[in-house]
Structure formats: structure tokens, C-alpha cells
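Q: The primary structure of each chain is shown beneath.
Number of protein chains: 2
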Amino acid sequence: MKKRQALTVAGTSAARVDGVEKVTGRAVYTGDLELPGMAFAKVLRSPLPHARLVKVDARRAEGLPGVLTVLTRDDIRSLNYRYGATYKDQSIVAVDKVRYVGDPVAAVLAVDEAAADEALGLIDVEYEELPPVTSIEEAIAPGAPLVHETESVKAELRGVRYGAPERFKGTNVCYYFGYGQGDVTTGFEKSDCVFEDVFRFPKVQHYSLEPHVSIAHFQGDRLTVWTSCQDPFNLRDHLAAMFKLPLSRVRVIVPYVGGGYGGKLYVKTEPIAAALSWKARRPVKLALSVEESFKTITRHPARVRIKTGVTRDGRLLARECEIYMDTGAYADAGPRVTQKAGYRALGPYRIPQVRVEAHAVYTNTVPAGAFRGFGSVQVTWAYESQMDLIAERLGIDALELRLKNLLQKGEDYTPGDTPVDCDLKEGLLKVARALDWKRKPTKPYRGKGLACCIKDAGGTFKIAGATVKMSSDGSAVLLTGTVEVGQGPRTALSQVVAEELALSLDQIAVAELDTDVTPYDVSTSASSSTTVMGLAVQRAAQDVKKQLLQAAAKVMGEKVDRLTLKAGKVHGSKGKGVPYDKIIADYFGSRAGEFIGKGLYRDKKSKRAVLGSPTTFWEVGWGGAEVEVDPETGVIRLLKYVSASDVGKAINPMQCEGQDEGGVLFGIGHTLYEEMIYQDGQLLNPNLIDYRVPTFRHLPEEFHSFLIENRNGPGPFGAKGMGEGGLLPVASAIGNAVANAVGIRFYDLPLTPPRVWRALRAKESSGT
Amino acid sequence: MKKRQALTVAGTSAARVDGVEKVTGRAVYTGDLELPGMAFAKVLRSPLPHARLVKVDARRAEGLPGVLTVLTRDDIRSLNYRYGATYKDQSIVAVDKVRYVGDPVAAVLAVDEAAADEALGLIDVEYEELPPVTSIEEAIAPGAPLVHETESVKAELRGVRYGAPERFKGTNVCYYFGYGQGDVTTGFEKSDCVFEDVFRFPKVQHYSLEPHVSIAHFQGDRLTVWTSCQDPFNLRDHLAAMFKLPLSRVRVIVPYVGGGYGGKLYVKTEPIAAALSWKARRPVKLALSVEESFKTITRHPARVRIKTGVTRDGRLLARECEIYMDTGAYADAGPRVTQKAGYRALGPYRIPQVRVEAHAVYTNTVPAGAFRGFGSVQVTWAYESQMDLIAERLGIDALELRLKNLLQKGEDYTPGDTPVDCDLKEGLLKVARALDWKRKPTKPYRGKGLACCIKDAGGTFKIAGATVKMSSDGSAVLLTGTVEVGQGPRTALSQVVAEELALSLDQIAVAELDTDVTPYDVSTSASSSTTVMGLAVQRAAQDVKKQLLQAAAKVMGEKVDRLTLKAGKVHGSKGKGVPYDKIIADYFGSRAGEFIGKGLYRDKKSKRAVLGSPTTFWEVGWGGAEVEVDPETGVIRLLKYVSASDVGKAINPMQCEGQDEGGVLFGIGHTLYEEMIYQDGQLLNPNLIDYRVPTFRHLPEEFHSFLIENRNGPGPFGAKGMGEGGLLPVASAIGNAVANAVGIRFYDLPLTPPRVWRALRAKESSGT
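From first to last, the protein sequence lines are chains C and F. Okay, so the first sequence: first residue is 141 according to the numbering used here, each after it adds one. Okay, so the second sequence: first residue is 141 according to the numbering used here, each after it adds one.
Hints are computed from structural coordinates only; laboratory data are not their basis. This structure is a prediction, so every number in the text was calculated from the model and none was measured. Don't take every hint at face value.
Note: identical chains are not told apart, hence a pair may lie in one copy or across any two.
Claimed, not checked - Below 16 angstroms or equal to it, Euclidean Cα-Cα: the simulated EDC-like pairs (lysine to aspartate or glutamate) are:
no. : residue 1 : residue 2
1   : Lys195    : Glu268
2   : Lys686    : Asp215
3   : Lys714    : Asp197
4   : Lys738    : Asp683
5   : Lys745    : Asp726
6   : Lys384    : Asp557
7   : Lys780    : Glu269
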């Protein structure tokens, strides 16, 4: 294939193909669907953080008019009712114990939501209360009550081995990841200074605009599920196992999804909806409230102890990092998140001697799973805050310290993994320049901060397939398993197809995502769709192109390699080009037929790679903040925020900027506002009044998002993944700016006015 | 590919995969669907057979509460509002004239059907009556009123040319097909006897249990249509042209269809539903009543003059056949049906000199289009009735006469077409034996009759694609454009996949038919799906098999050609075989991924073939009847009916028998009961009370259906098409048996008791 000279559709900020549909309210989400005979489900949830389930009696509820059936533990025993993203520790409804406030105990199906709601109160449940653990500290304390009475702990030891994960048997630690590189003890001995700090990250929620919702319909031995999810194939596999069906008998359809951020990965509301439909043989809709989504999945609170040894002139020599991730009552993706937190704790720096230990810990709180940043957010907060502490303590400029230690392009992150695929200094310098780093703030209580981070792409081994179907008029339909969660793949992937086939965007349509007919895709996650699915889509389009050119060669009587595509026509060595529809009609002998192209991408495996598979690409985020702290109120004013991301090649620059800005805003929420607050095992703020997410008025007063395009990505036209990078540095960039402004270092998030005000008061009264 | 030794799933009478769903009422048909915001359409139809449209004023109707909009000719001018299967002579609603009683004049969209119905009465329409033509005779009379004021007539002259189709310019003849072979004048001169007879076939309706129904939803520049149709891709193409959209922006989904028989081919209710949705931007359901379906599409009434020259000992020497097909007010598929009637008028016999002229004629009656048998039914009634007349007149046994003239296997039907692909004598002798042909009836008023016919496969150049998607557990989903109209392709095609992939039927699912994702298929018609789509499906399954074997070779470390599939496992040179799921997981390195296989079939083109493309296969029908005529009432009692069909290889014998029996029952309806009766241009019996279709009590008292399996078909495992063959001989077999019983030859159908009784009286009174 010859190198394309210039891009015409890819690389442009084309308007979103789903834009009009969405802003006019016509776009169909799962909640918009109605099926004939559809009934409505409500879930009875545990009011206690930890209790043995003595009795669940649904007879009174079932007698209520309008109630069709009630699902309890008695119904599910013939199913493979246990499930989970990594461990099968969760069940459709609670069987033996409840493990957090909100744990599903039973579910009612009724002709309307009101009847279902009313029936919840008629289910007789008897609990035997057990002592709960609701924090990492409580959970890992010796003799702590056990959330799960399991005897084993899964451990992954990589690199230089040490430690004895067996010690966690019979504790609340459900997963352990250890990684060693070099001899960390010697590393610290050789260091001029060793710094040790402990950072904490709170429990936060995804808060998608659309809470979890699904519709399940069992017909005979065939289950169809419409759901708001990010990984329909994975969900299909889980449901098939649960209901003991071949994969071909489970069909998952994904309408538009109103935000995911990882919260709609793996199995969520679907088993309850499906089990009710299995029992009642009717279509079942289960739509969670915002409060219930808060009680379904969250981000892992973390405690990160980080110890770093440096030379006097600021070279990093050794790092020890001990991470505890609170995965809540069920593991969900917690072990994978924990593994990634551990692996990503090295940061973008050259550190010869490393020891990382990461633990996932059960507590009696809402389960924590995948969430934009996937383990990186917590460790970046720690290591990038500490970088400033080190700079400050050594009296080196924070930018200089980073530049001195950043990995170079082509250098190993760890042996066997993909070498660093971009110039880490480039983005950092870009951010520093935009922040006018060298210039001191002109007013008091103002300060600047920088942060820089790197993450490998994603938590799963990636396989993505795509199909492109060119109809007899030359227009094309794309079948892709990437979910349109709002992040824009319908547009970007359509641009890839349009580019390869020299079509305009309005000739491309994206088919409804339906596991029956859409090629397999692992999941929409890890900033990887444009790269991973992008390659599959590009290959599918190229396959169509090949068929089209071969047909054209026949029809036009020219050699394939003399033909090119341009604006819907095949151009040969002479003439004005032949439109695709004419080629196809002549080739098939009728205005009929089509070309179907297939494309596949899969990650490589490598025994040398620490995690078994070298990363598809490195996602890099650079951020810089300038803040002003109000000494009277503790309010942090975000004067300026600068973000840079390495996108390789932006398929749609405007969408990339939107993703980056959205990521930053997420980070602002985590840094300044968000925290799920527990008291006596009860979540106090599961709603938008008490749990605050940032809105437009919380945008930085000046906001820059830079896309760095060097075509250094493995994706189509040199694209790389992006969308998480913007989020990762925010907390430490702001934390560093606050420290720079008022001389106070915060170790815990969020930096709410009360917390900042108290710290200012404490500093004043201590006279420092 | 090695020859498979024995079939395990294909060739068995497996239970229908959709059987339970259908008998329990869970199967979803278009009428079962509900969409949020869906509104309901009703059609205002012309009360006059022929009139100029002076005024259509919908203002009063639009003012009625509940009415959302009214579609009139004023709305559609910006669209390509003219459409038609062959000519664009029909419009979404009438523009200049109405041409039959029932012609759509306007359509109302309302929040419910009652409001829509009421509003129909408030549309002010002013007509200027025109004289109608309602029969072939009226239509072809000199100076007849013109249904369409067009100046041209499409003519196809094939073989030896003669005639001057230009003479039909400016008449109601809209299509002319002429075919000549040898010199028919000399043929008649050389003949010892020349027989000339005129036969008539009445207007009948498909009477699908499910009347026409569709739902259309315009969203932005994207149209989705759910409809009960047999050719979704063709429909998509028409709708895209009508609304000026790329094919990728029109999506047609076909739920289960409750019977089609050709009546749901091409464009029917969909343009009105789509235009209303285009105007109102809401989902629109248009469900016709039984009476409205009667006013939508029918079979062509025909007049067939057939002149045959024979030698004294019964060899056919020459045939001249003049066919008039009444295509009603719009051409629909009429020209194609007429072409086929002409081409098929030669029958299964060797006739050296032939001249055929077939005409499609417009009349002011309901349009006639595709209908099971597609032009064959009318001409078979003529030529097989005449064969008995010839036998009688020459004093030769009717079976002997046929055997003497039947084409042999391998002989040309016409030069350039596929040679006859089966032994025509085999089936005829089978039927004769089952009828105990040589034995004279033991009682008076009893008689036996035989008939035999042959038809080429279908009216369109056939292209069919299919995809098979094998998931990581080894189960498979089939994507096929063949519509499940009740004829069983879901089961038969699943059997083909199961056979090729050594799976059980419950591991195969058939995906919803959706033009966005399903590979292209021309149409579900012409008894061709098992052969044509069957081959595409088989090739798709073989493509999966190839990929699976290559993966297995890698995983198992064996050579591909040493591997075989058996019961869900890959067997190599040793060991017990490896299950597919293990092969796939090992190959992809994860319980993920899948194999997607593609298959394509397309007909050959040939300039030598009379119709441009040699037939895919020959469909043959043999039938024999024994009847008793009640001299007092004229009632024909069907004592016995024997049918034989050449199926090549029955993929599902029970389904084939069901198709054959269903075909025969259709034929019984046409022969004994069915006729649409017109008076003053008004259809008098558009309902099941006055229009009688046969029911279970009209089954023959003894009924045999023989499948002849010689694996001589081009389809999977040697299959051929079937399903129409059973129908074709019925009328003449019964007509011949009646003639044999009471010595009266009927030239017109149906053979109702009054008609038979009157003929018996006439014969009595004439004393013959």
C-alpha cells in the first residue's frame, strides 16, 4: 500500500456524526426503549454494611396487586449465580450475607415502578448484624472481621521476587501484586536522601449522567439484553455462563450510552434484570436511580506510601511503594486496578531500583472497579506530589528535577515492555512554557504546579474486530464493537473509513452495536478504541478497498496498481474516474451486491513483558496549574490550567480537545470537590446535592489543551490513545501549585475549602 | 475439501428452530412492535376505478384532535415519489389520477387508529370520473380508455424474432415478450393435427395470515423501517432512491413474516409509512386490514391461447402461445411475471418449433405482481389441460403422451439455458404408480388426472451473501438475508451451518435480519433460498471451518489436512479431540475473539441464455388427482392427491414435505375456490367470508407427497429449490381428473360447484 500523501477526512474536526441526534433529544438510550409487555424491576438493598442473611420471605410482596414476581436467593440456585469481573464473589442477589449498604437482597418485578417500589417494603428480611470494616485501616487490622470468608489470595509476583503473599491468607486482602527491579535496599543505601510520604485518595463515583439501566428479555432459550454498558461481549460471556447458554443464544445490544468512565464495564444491573425475565418470561427494565448507581460501583480509595531515594543533585535511584486499594465489598475489577496501580507507580522516570507492593482490600463499602485512570490516578497523586516535595527539599526547581529524570523516547519503562514511544520532555516543556513557569506569581497566595505521568494502555489483552459493508451505491456501514459512550468513536471511526475509502462522512453509517452481528471487541476502555478498534476498522476498510480496486480493475480493464480512489470514484491511468456505484453494478452485473471487508487487531503476547503483553502504546499526560488560595475561606481559585496530550495523530482534533478538557474537569472534581462520605457504614452523600461534581462554572479561568501530533502512535495514521491523560496530573499539579502558593503540602484529597482553611489556620497558629 | 461421508444434521427432519417460539405466540412479528412515540397511519383509498384527481384538501382532517398530519400529493413533490418494481408508474399517494378502487389517495397519521380512521372521512377529495377497463378484453379493445397515458411499451424479443411490439404503443399493453424457436409455420404445416384452445385464470390473492404491515422511523437523515417483506435489500434501495439517501442511511429490519408468497416482494406499504414519518418525524405504524391487502397486490388473471401441432402418434412439433396477463392498475412485477409466463409456456416437453407472445396489460383493478408460481401457474393450467385434450383427441393415454414428449435429463430447454437437471419421467411415473393410473375408477363420476411441469428458478439475477460468526465457545451466529416467511430457512440454513461445523443445532442462532449488518441478498423468492442462500451459508461456514482448522493446526501442532471436525471437537492424528472453545482460547491467547466466515453466491451471466442468465436449477412439479364429482351439486370431492418434487437433497425432509403440501393446498384453492369478483370496477369479496381459501377440511382425503432425492441440485449437499412445484400441476391435474370423470373440459377456473353444476346440466341437456 502506498503511503497516502494527505488526509482529507481523518485529521479534520468534522462535526460529530451523532451530534444533531443528541442535541435534539432524538438519540435513543436504553432508558428510551419500550418493549411490548415490558415490566419494571426494583431492587431491595441491604440497609446494613455487614450482616448474615437469616430470612428472605417474599410472599407478602408477591401478593401485592401489580407485582409479577419477586426474585430472592431461593430462585437462583439452579443458575451459575456467582459472577465477577475477576473473582466470582458477587451473586445476583445476596445468598448468605450482605456486605455493604446497598447490596442487592431481592428484586421485585411489577407492571409499573410504583407497584414495584411499594412491594419492596413487603419483603420480610431478617438480618444478623456483623461488625463491618469500612476503611483500609480497619480492613487490614489484625483480627479484622472478614468481608469474605475465603482462604486464598491471588498473588502476582513479577520481576525480582520478594515478599510472602501467603501472609494475606484469611485476611481481607484479596489480591497482591509485587514487582521488583534491581536491589532496592542497595538503592536506598546509595541515595543521598530518602523521602517517604503517605498519600490518600478518597472514594469517588463515576457519576455518569445516565445511571445504570438495562432491559432483559428471555425468549425460550434465548436472552436478549439492551444495556448501557461498555463491554457488551464480556457481558454476553458472563450472562451465557450464568444462564448456561451458548454464546450464540445471548444477544447484547447497546444503544447510546450516557457516560461510562469505566463504571459500565463488566456486569452490573444485567443479572438481576435477566434473572427476573428468566423467571417471569417478560421483558424487564431495571433502571437505577442516581443513588443506586452510587451504590453499584465507585473508584478505589487508596493509601499510597511512597519512599524514594535520590542523589543530592536530584537523580532518582530507588523507589519503594506500598499501595492499598479499597475495593469495597466485592472485587469487581479491583485486582486488575490494583495490579495497574502497582505497575504504574514507577511514573515516567528512570528509577533503577524499584520495589512495589500493591494490595486490594475488601471492605464493607460499595464495590470499586474500573474508573477512568484505572489505578493511575491514585499513584500519580502520590508520586507527582512527592516529586515536588523532593525538589523543594533538595532546593531544585520542580521542572528541572523532572527533566533530569524523565525516561527518553525508546527507553524501557520495564524490561520487555514497549519502549517509551514519545518525547516526554516535549509536552512538559510545552506546559511549562504556557504556564510561564520561570515567572514568579505577581500576587500573594498564588502559585504554580506541574505534573507529568505515563500509563500503559489498559487492563486487558486487546482484541478488536470490525466489518465494513459497502453497498451497491458505494456508501458504507461500519460494524464496530466500540461503544459510543460520548467520547466520539462513531465520528472518529467513520472518519477512518471515509479516509480509506475516499468517501464523505455522510456516506458512512455506524450499525447498532449488537453482539449477534458485530465483530468481537474486548471492551471500550483504556483510551484504546481509536488505536485498537481504529486499526481493525482501518483494516476492514482497506479490505473493502482491495475488493473494490480488484473489481474496478476488471471493469475498467486496468491494472490494480494503476488505480486510486478519490471522492467516490476510481481513477485509472486515463479519464475522469468511474463512480463506485457503476463499478459495483458492472462487476456484479446488477445494481446489487456489496463488498464486505474484515479487519482484526490483537495485542502481542510476550513472556518477557512484566504483564504478559507489551503495552499497545503509552498514554502520557502533562498538566500545569496556576492557583490562588483565598486565605479567608480556603477556596482554591483555578486561574489557569494547561494540559498537553500526546495523540500521535488526532483523527478529530476537536474531539480530542474535548476529551482532554473533559479529563481535566474530572480531575478537578477529584481534586477539589468529590468524596463519598461514610459514617457507621452508611454512605451520607449519594446524590448531586451532597456529592459535588464540577460544573461549567468550575472550569479554570484560563484553560489550554495542547495536542502533540508526531504520528508516533500505532493506530490509524499514527494515532495514539488519549482521554485519560488529561485527568491524571490534575490533582498533583493543583496540589503542587497550592503548596507553591501557601507553603502547605496536602496529602489527602479533596482540597475542599474547610480542609484548606483548617490547614491555613494550623500553619498560622504554628507560626511557620 | 474432502467429500463428507455421511450427513448428521443436514438431511434430518430436525424440529423447526423457531417452532416453540411460534406456537407459544412469543415470536415477534412487525405488528407486535411498539416504539416510543409511535403514531398510527390509515390510508384513504379511491372509491372509483378510474378518475382524475381534481382536489385533495386535508385541512379539515388535520384539525381533528389526535391527528398529527395528513399526507397528500402536495407533500411528496420534493421526493422521488414515483416507484415500482419494474416501471416507476406508482406514486406514494395518487398525484394525477386514481386507477383502481383502493388506490391510495391520502394517508392520515394520528395518535391512535380510531382518530386516524375518523380523519379519513374529513379529507375532501374531488374526482372527475373516467371510464374504466376492468378485464383483459376491455383493456385490449381498440380505443380502450388508457390506464396510463404513456407512449412507450417495453418489449423483449428473444430467439427467432417476429412480431411488431411497436403496435402496442399508446395502448394498455405495457410489456411484451416474444420468443421464437425454429419456424412455427412450417411446424404446423408438418403436423398431422393442430389443436387450439383458450384457457383463463382468475384474479386471486395471496391471503397471507399477516396482512401488510410496516413501521417507519425517520431520525435525522436516517430512515429505519421494520416491515413484513421478502426483499429487504431491494426495499432499502427503493426507499433510498425515494428519499434521496445513501443506502447506508436506510435500514430495513425484518421480524418474522406471517406468510408472503410473493405478495410481500417489492415496495408495498413502506413508502406511505416512511413519508408520514419523514413529515411528522415520529415512528409510524401502518398495518393494513385484510381488505386493504386485497387491494394492494394480487395474482395476474390470464388469458392463454395455446395452439399445438402434433404428429398422429403424439409427438409435439409446434406450439404457438399467446398470453395476456392482467397486471392491474400498476405494473409492479407484472412485466417480469409476464416474461416468465412466456418463457415457461413451453412446458417440460420437446417442441422443436415455438412461438410465444406474452403481454402485460394494464386494467383498472388491483395491481398484480409476484405470486408463488410466478407466471407458471397460468400457463401450466393451459398447457397441461391441453395435453389431456390432445391425448383424448388422438386416443393416446395421457401418461403415454407425456412420457413420449418429456425432455430428457441433460437436454436443452432452450439453447443456452441450463440443461434439464433431472429425470422428468421418474417423478411422473412415481405419481402415476401412486395413483394406480392403469386401473380405471371403480365408481361412476370418478376420474384421474395427471400433470407435469417445469420452471426455471426465479425472476431475478441472484446474488446472496452470508456470514457465520463463531464465538469463543464454538457456538455460531448466522447472518442471512433470507426472510423466514414460514417456509423454514432458519432451520434449514442452521442445519447447513451445523453440518459444516460439526455443531448441534442448539449452538446455532440466526441473527435478526437487518440490512445494516446482514450481507446482501436479492430476495426471498423463486424457491431459491435453500440453494442460493444455502450455498452462501455453506461457503461462509466452510470459511469459518478453514480458520478454525488453521488455528487448531497451530494450537495442536498438526497439519491442517490431518484434522477433522466432529461433535464440537477438532480431531487430529491422535488423542480424543480438542473442543473448539479450547482451540479458540489458545489461539487468541484469551477467552475472546471469534472466527468470522464469509460466503457469496451469484448466478452466472450468459449472452447465449434466452433470459441472460442460465437458470440456477429447474424446479419440477408432478401431480396426480383422483376426484369424484357429485352430479347433484357439482361439488368436486378430492379423493386423492399425489405430489412429487425433485429436491436434489432434502436438507429437512419434513419441512420439504410441508412446503410441498402447502403448495398443493394453494393449488387446490386456486382450482376449486378462489376468485376475486369484480362488478362495475368494485371488488365484491375482499374478505374471508366471501373469498374462500381452503382450510384443513379441504385437504385431499388421501394425500401423498414424494421427495425425489438424487443429489442432483447445485445447492448444499446436492439440494435443489422446491416449494412452488407442488402448486403448479394442481389445477390441470384436477381439471384433467374432472374431465376424465364426467367428460367435461373446463377452460376457466375456479371449478366451483355452480360452474360444474351448470356444465353438467348443459351436457345433459345437449344429450352428449
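Q: The structure should be examined with respect to each hint, and the outcome stated for every one.
A: These are the hints, each one checked on the structure:
In this assembly of identical chains, Lys195 and Glu268 lie within 16 angstroms of each other by CA distance solely inside one copy; the values are 10 angstroms within and 80 angstroms between copies. When the C-alpha separation of Lys686 and Asp215 is checked against a cutoff of 16 angstroms, the pair qualifies neither within a copy, at 54 angstroms, nor between copies, at 43 angstroms. Neither within a single protomer nor between protomers do Lys714 and Asp197 lie at most 16 angstroms apart by alpha-carbon distance, with minima of 81 angstroms and 55 angstroms respectively. Proximity of Lys738 and Asp683 under a CA criterion of 16 angstroms is satisfied in both settings, with 6 angstroms inside one chain copy and 13 angstroms between copies.
When the C-alpha separation of Lys745 and Asp726 is checked against a cutoff of 16 angstroms, the pair qualifies only between copies, where the shortest distance is 12 angstroms, while the shortest distance within a copy is 45 angstroms. Taking the closest pair of Cα atoms, Lys384 and Asp557 never come within 16 angstroms of each other, the shortest separation being 38 angstroms inside a single copy and 52 angstroms across copies. With identical chains, the CA atoms of Lys780 and Glu269 are never at most 16 angstroms apart, being 50 angstroms at best within one copy and 79 angstroms at best between copies.
Figure legend: structure checked against the earlier numbered hints; hints not met, in rising order: 2, 3, 6 and 7.
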